[in-house]
Each structure stands twice: as C-alpha cells, then as structure tokens.
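Peer 1: Next come the chains, spelled out residue by residue.
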Amino acid sequence: MQAATDRRHRMISYAKYGYIFIAPFFIAYIFFMLYPLINTFILSFMENRTENPTVFVGLQNYQHILFGDASRNAQQKAFMSSMGNTLILWAGNFVIQIVLSLLLAVWFSDVRIKIKGTGFFKIVMYLPNIITAASVAGIFLMIFGKTDQSVVNSLLLKWGVILKGGNIDFTTDPVYSRVIVMFIQSWMWFGNTMLLLLSGIFGIDPSIYEAADIDGSSGANTFFRITMPILKPIFIYVFITSMIGGLQMFDIPYMFHHGETVSPYLKTVAVYIYQAFRKDHNYGYSSAASILLFILTAILGALIYRFNTDSSAPVKKKKAKGGKV
Amino acid sequence: MADSYNYSNKAYRRNLMIHSTIRFIVCVLLTIICLLPIYIIVINSTRTTAEIIENGFSFLPGTGLVENFKMLGDGTKNKGFFVEAFNVLEGYRNSLIIAGCSTVLTVFFSAMTAYGLTVYDFKLKKFATAFILAVMMVPMQVVSTGFLQFMAKLNLLNNYLPLILPAIAAPSVVFFMLQYMRSSFPLDIVEAARIDGCGEFRTFMQISLPIFKPAFAVQAIFAFVASWNNYYTPSMIIVNGKREMKTMPMMVQALLNNNLITEFGVRYLAILLSILPVVVIYLALSKFIVKGVALGAVKG
Numbered sequence: 000m001q002a003a004t005d006r007r008h009r010m011i012s013y014a015k016y017g018y019i020f021i022a023p024f025f026i027a028y029i030f031f032m033l034y035p036l037i038n039t040f041i042l043s044f045m046e047n048r049t050e051n052p053t054v055f056v057g058l059q060n061y062q063h064i065l066f067g068d069a070s071r072n073a074q075q076k077a078f079m080s081s082m083g084n085t086l087i088l089w090a091g092n093f094v095i096q097i098v099l100s101l102l103l104a105v106w107f108s109d110v111r112i113k114i115k116g117t118g119f120f121k122i123v124m125y126l127p128n129i130i131t132a133a134s135v136a137g138i139f140l141m142i143f144g145k146t147d148q149s150v151v152n153s154l155l156l157k158w159g160v161i162l163k164g165g166n167i168d169f170t171t172d173p174v175y176s177r178v179i180v181m182f183i184q185s186w187m188w189f190g191n192t193m194l195l196l197l198s199g200i201f202g203i204d205p206s207i208y209e210a211a212d213i214d215g216s217s218g219a220n221t222f223f224r225i226t227m228p229i230l231k232p233i234f235i236y237v238f239i240t241s242m243i244g245g246l247q248m249f250d251i252p253y254m255f256h257h258g259e260t261v262s263p264y265l266k267t268v269a270v271y272i273y274q275a276f277r278k279d280h281n282y283g284y285s286s287a288a289s290i291l292l293f294i295l296t297a298i299l300g301a302l303i304y305r306f307n308t309d310s311s312a313p314v315k316k317k318k319a320k321g322g323k324v
Numbered sequence: 000m001a002d003s004y005n006y007s008n009k010a011y012r013r014n015l016m017i018h019s020t021i022r023f024i025v026c027v028l029l030t031i032i033c034l035l036p037i038y039i040i041v042i043n044s045t046r047t048t049a050e051i052i053e054n055g056f057s058f059l060p061g062t063g064l065v066e067n068f069k070m071l072g073d074g075t076k077n078k079g080f081f082v083e084a085f086n087v088l089e090g091y092r093n094s095l096i097i098a099g100c101s102t103v104l105t106v107f108f109s110a111m112t113a114y115g116l117t118v119y120d121f122k123l124k125k126f127a128t129a130f131i132l133a134v135m136m137v138p139m140q141v142v143s144t145g146f147l148q149f150m151a152k153l154n155l156l157n158n159y160l161p162l163i164l165p166a167i168a169a170p171s172v173v174f175f176m177l178q179y180m181r182s183s184f185p186l187d188i189v190e191a192a193r194i195d196g197c198g199e200f201r202t203f204m205q206i207s208l209p210i211f212k213p214a215f216a217v218q219a220i221f222a223f224v225a226s227w228n229n230y231y232t233p234s235m236i237i238v239n240g241k242r243e244m245k246t247m248p249m250m251v252q253a254l255l256n257n258n259l260i261t262e263f264g265v266r267y268l269a270i271l272l273s274i275l276p277v278v279v280i281y282l283a284l285s286k287f288i289v290k291g292v293a294l295g296a297v298k299g
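Which chain is which? The protein sequence lines are G and U, in order. Sequence positions in the first sequence follow numbering that gives the first Met the number 0 and run 0 to 324. Sequence positions in the second sequence follow numbering that gives the first Met the number 0 and run 0 to 299.
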C-alpha cells in the first residue's frame with residue numbers, strides 16, 4: 000500500500016516532464032503535417048482551378064479524376080495514365096531490384112563460400128543511394144542524351160549501329176525512357192534493399208544452416224526451404240515499403256527529359272499532383288489525388304502491421320531488434 | 000546422404016573456389032555498373048567542350064578541367080545562361096544552411112521526444128507512441144497541397160523556415176531512437192541524477208545525450224543527406240525563381256532543363272560539384288552508414 004502510493008506520487012510529480020519533452024515534436028507535427036493534411040482533405044472537396052477556393056463541391060473533384068465527365072475527360076485520362084505509369088515504373092524497378100539484392104544478400108551472408116572484399120562491395124553498392132536524385136537524373140540525361148555528344152549516341156554512331164542524324168531519343172521513346180527510369184531506380188535502390196535483406200538474414204540462427212549443411216541440403220534447397228520462409232516478414236516489409244516509396248516516385252521521372260515538358264510516359268502520380276498545384280494552380284485536383292494517394296499508402300501501411308503481428312515469435316523478436324515496423 | 004561428405008576434400012574445395020570466383024566476378028561487374036556513370040561524369044568534367052563534341056565517351060581525362068572551372072563563374076560564356084542557372088557557392092551555402100539546421104533540429108528534438116517517451120510515465124504515453132508509429136510512413140507528397148496553401152497564407156513562401164522547422168518532427172528518427180533507448184539506456188542513471196538533485200532537463204542534456212551520441216551520429220548523417228538531396232519541398236516553397244535562394248538540387252534542375260547551355264564540359268562539372276559533398280561524407284563515414292542503413296530507416 001505504502002509502495003503503491005509512493006509510486007503514484009512519483010508518477011504524478013514527473014508526468015508533466017513527459018509532456019514537456021514530447022511537446023515540441025507534436026506541435027511541429029500538427030503545424031507542418033497534420034494541419035496541412037486536414038487542409039488538403041478540405042481542399043479536395045472545394046472548387047478547383049483556384050488557390051483560395053470558397054465553394055464546396057462535394058465529391059466532384061474525385062469524380063473528375065476517377066471517372067471523368069462529359070466535358071473534362073482530359074483530367075481523368077491524365078490521372079489514370081499517371082497511375083498506370085507509376086505502376087509500370089515501380090513494378091519494373093522492383094523486379095530488377097529484388098532479384099539482385101536477394102541474390103547478393105544470400106551470397107554475402109554465405110558462411111561456406113566467402114567472397115573477397117564484401118565490405119568494399121557493400122560500400123560501392125550503397126553509394127548510388129546517397130547521391131542527389133536530381134544529379135542522378137542529370138548524369139543519366141547526359142549519358143542518354145539525344146545529341147551527337149551524349150555518351151550512348153556517340154558510341155552508337157562510332158560503332159555504326161545508327162547513322163548520322165538517326166540518333167535515338169531515349170527520353171521521349173515510351174519503351175526506352177521507361178526502361179531507363181526503371182534501371183535508374185534499381186541502380187539507386189538495390190544496395191539499400193540488399194542491406195535490409197542482409198540484416199534479416201544475419202538474424203537467422205547460423206546453427207540452422209549448419210544443420211542443413213550436415214544433412215546435405217543443396218544451396219538452392221537451403222535458400223527456398225530455410226532462408227525464404229524465415230525471411231518472409233522482412234521480405235513483405237521490403238515489398239510494401241518499396242510500394243509506398245514507388246507511389247511517391249518523383250525526382251527521376253520528373254527530371255528525365257530535355258527542355259520544359261515532362262514526358263507523358265514518365266508522368267507518375269507524384270508528378271501529376273506536383274504539376275496540378277504548381278503549374279496549373281488547380282488545388283482541387285491535386286488535393287483529391289493526394290487524398291487518394293494517402294488512402295493507398297494507409298492501406299499498404301496497415302498491411303505491414305497486419306503481416307508483422309501474424310508472424311511467428313522468434314522472427315518478431317529479431318525484427319524488433321532490427322528496428323523495423 | 001551428406002553430399003559434401005561424399006566429395007573428396009579436394010573436389011569439395013575446388014567446387015567452393017569456382018563458386019566463390021563466379022560470385023566475385025558478378026560483384027565486380029555490379030561495382031562497374033555502380034561506378035561507371037559517376038566515372039563518366041568525373042572524366043567528362045575534365046574535358047573541354049570541343050573534346051566532348053569530338054568524342055562523347057572517353058576513359059581518359061581531358062585537358063579542360065581548369066577551363067571548365069573558370070567557366071563556372073564566367074557570365075560571358077553561353078550568353079550568361081549558365082551563370083544564371085547555376086552558382087556553386089550559393090548552392091552549397093543554401094543547401095548547407097537548410098540541411099545543417101534541419102539535421103540539428105531532427106536529432107535534438109527526436110532524442111528529446113524519444114527520451115520523454117522512455118523515461119516518464121504519463122497518461123497519453125501509449126497514444127503518443129502509437130501515433131508516431133502510425134504516421135511514420137505518411138509521405139510529404141500527400142500533404143503538399145495543403146502545406147503549400149497554408150504556408151502561402153502565412154506568407155512564408157520564398158523563406159527557409161518551412162524547409163527547416165518541419166525537421167523538428169521526424170517520426171522515423173524518433174522511432175529509431177525509441178528502440179535504441181529502450182534496449183540500451185539505463186534508467187537508473189536518471190534516478191541517480193534525481194537523487195543528486197540534478198534537474199530533469201540537465202539530466203537529459205548533460206547525462207543522457209552524451210550516452211546516445213554514437214547512435215545519433217548515424218541518424219544525423221542520414222538526416223543531412225536526405226535534406227541535402229531533397230528537391231521536392233524546396234521547389235514547392237522557393238518559387239520566386241531567384242538563383243541566390245535556390246538549393247543545389249534546384250540549381251541542377253534549372254541547368255538540366257535549359258537546352259541553351261551548350262558548353263558540355265562545364266555542365267558535367269556542375270553535376271559533379273553538386274554530388275561531391277555527399278559523396279565525400281559517404282566515403283569518409285561509409286562503414287557507419289552501411290551498418291546504419293538497416294536500423295530503422297524507412298525509405299522507398
């Protein structure tokens with residue numbers, strides 16, 4: 000009894016410090032994120048084509064971008080094609096990225112077959128991830144430029160693959176431009192994904208592998224029967240966070256073009272939103288598209304939470320240590 | 000039964016050698032793919048425009064590095080289009096102000112928030128923790144329209160404050176620090192400090208912060224690099240088109256979309272200069288960074 004009162008007394012006297020310590024975070028968050036989110040939500044129900052709308056229009060903006068109407072099919076087409084572009088660019092980049100990083104993660108963690116210079120390789124492979132995306136776009140823009148001086152076209156000319164004047168315009172061609180953007184995204188992110196997967200593999204008890212080795216399990220068998228099942232939660236985490244990241248894909252698709260206009264084959268949802276408020280000053284459409292993006296992100300985030308609470312106890316323990324949601 | 004034991008020891012070893020060599024070669028190829036684009040930028044920034052026109056690709060450096068450097072500040076070349084778009088010192092200055100201040104705010108206030116949630120017991124503690132976890136993945140793109148309109152109303156456009164102050168609230172950094180503190184912060188220290196009559200804030204500043212230092216260093220690097228590389232938010236807020244306010248990525252973008260800049264060497268040099276600081280930081284601290292990537296970083 001005495002102890003209980005004592006503890007309650009202590010809690011009461013120090014509780015206020017708890018609030019004081021977390022106050023700055025919450026004030027800043029409410030001011031710079033939560034209120035803007037609510038504001039976006041409100042704006043999505045207001046008239047479009049203006050920066051300070053006053054007329055409430057209900058779900059009209061959503062209707063326009065999702066289903067179109069008689070006079071404004073252009074908006075619906077633009078939004079839907081931006082969703083399509085996002086999906087194509089993300090899926091292509093994810094396939095390359097995950098195959099590469101899974102392979103490398105398994106190799107780097109293999110205790111039987113050691114690769115020399117693993118530390119060096121990890122450092123080099125993560126390097127593209129820290130370079131400014133705008134500059135990465137610039138690098139590849141100059142490599143894949145349309146002019147005779149750009150790297151790839153000049154080599155193709157020299158080797159006689161193309162004739163003078165027949166330069167390939169990699170930035171406007173639907174196939175080339177998308178494949179290049181997928182490549183750039185994978186180039187930037189495979190190191191990051193590899194390190195995430197690697198941390199998951201290192202969490203697996205090495206004695207399991209020893210036992211498998213003694214029992215004569217082949218490399219492929221060990222991978223599919225042991226590594227993959229244990230890695231499943233972190234794999235799902237990587238998959239869904241990559242999808243959330245993919246929905247926000249902006250810098251590279253937005254900048255991979257010459258001159259002023261963004262290529263229609265590279266216009267992602269984030270680019271659509273950005274152009275709607277920045278170029279067209281159409282806050283109605285940009286906020287409606289943002290809210291749809293928010294709903295998608297929330298669903299994906301909830302999926303991570305769900306999968307993680309389902310997973311088996313030892314893996315959960317490991318993940319908690321590894322610092323992932 | 001056991002495959003590896005049916006091999007003679009020699010054959011088994013040879014098998015491992017072959018595998019190891021194949022893997023090594025694949026890794027070397029990937030290293031080349033990772034470094035080649037950067038190598039091309041480095042080489043071409045040392046070549047004159049004439050050399051680049053003659054041959055777009057070369058393995059060896061050219062003779063134009065000094066000339067390209069001079070052209071960085073030369074308003075007479077390219078009818079001044081280049082200087083209009085790009086100024087390396089202003090870019091460094093602006094990006095450094097924003098990224099530096101953001102990093103300090105992120106690390107300090109995230110530590111403070113995580114400390115408050117670890118050390119104290121209060122009614123809303125559970126709710127606050129759950130809230131931070133829940134909002135960790137809300138992307139900037141989603142709130143940008145509302146953010147922009149709000150900042151415009153407050154007259155904060157073309158101002159660095161909306162780029163710096165939001166750094167106070169960084170949910171993913173708080174989450175990382177929360178986990179770090181829960182696993183390795185001895186609460187007895189706080190108790191001991193109290194008994195010795197040390198105030199709560201002093202305990203945090205002078206006793207707890209030094210203990211957290213190593214773990215926070217990694218988060219600081221990531222926060223700095225993320226802020227330095229950010230194009231999206233600055234391009235939303237800095238809309239007056241004035242070069243002296245632009246961040247480095249914004250200048251790169253202005254450079255890229257200007258077809259009238261025909262001096263190629265200096266274009267390459269400008270891009271090289273824009274990535275140089277983060278690459279130097281990375282190479283100097285790469286061991287920490289590579290270790291820190293998997294620790295609570297939430298990225299696309």
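There's no promise every hint is true.
With beta-carbon atoms standing in for the labels, derived distance ranges [to be verified]:
id	chain 1	residue 1	chain 2	residue 2	range
1	G	Phe55	U	Val134	53 to 61 Å
2	G	Arg277	U	Val103	39 to 47 Å
3	G	Asn51	U	Ala129	53 to 61 Å
4	U	Glu83	G	Gly83	21 to 29 Å
5	U	Leu164	G	Leu295	27 to 35 Å
6	U	Pro209	G	Glu209	37 to 45 Å
7	G	Pro205	U	Gly72	31 to 39 Å
No wet-lab data here; the hints were simulated from the structure. Ideal Cβ positions, reconstructed from N, Cα and C, are used throughout, including at glycine.
Peer 1: Does the structure break any of the earlier hints, and which numbers would those be?
Peer 2: Numbers 1, 2, 3, 4, 7, in rising order.
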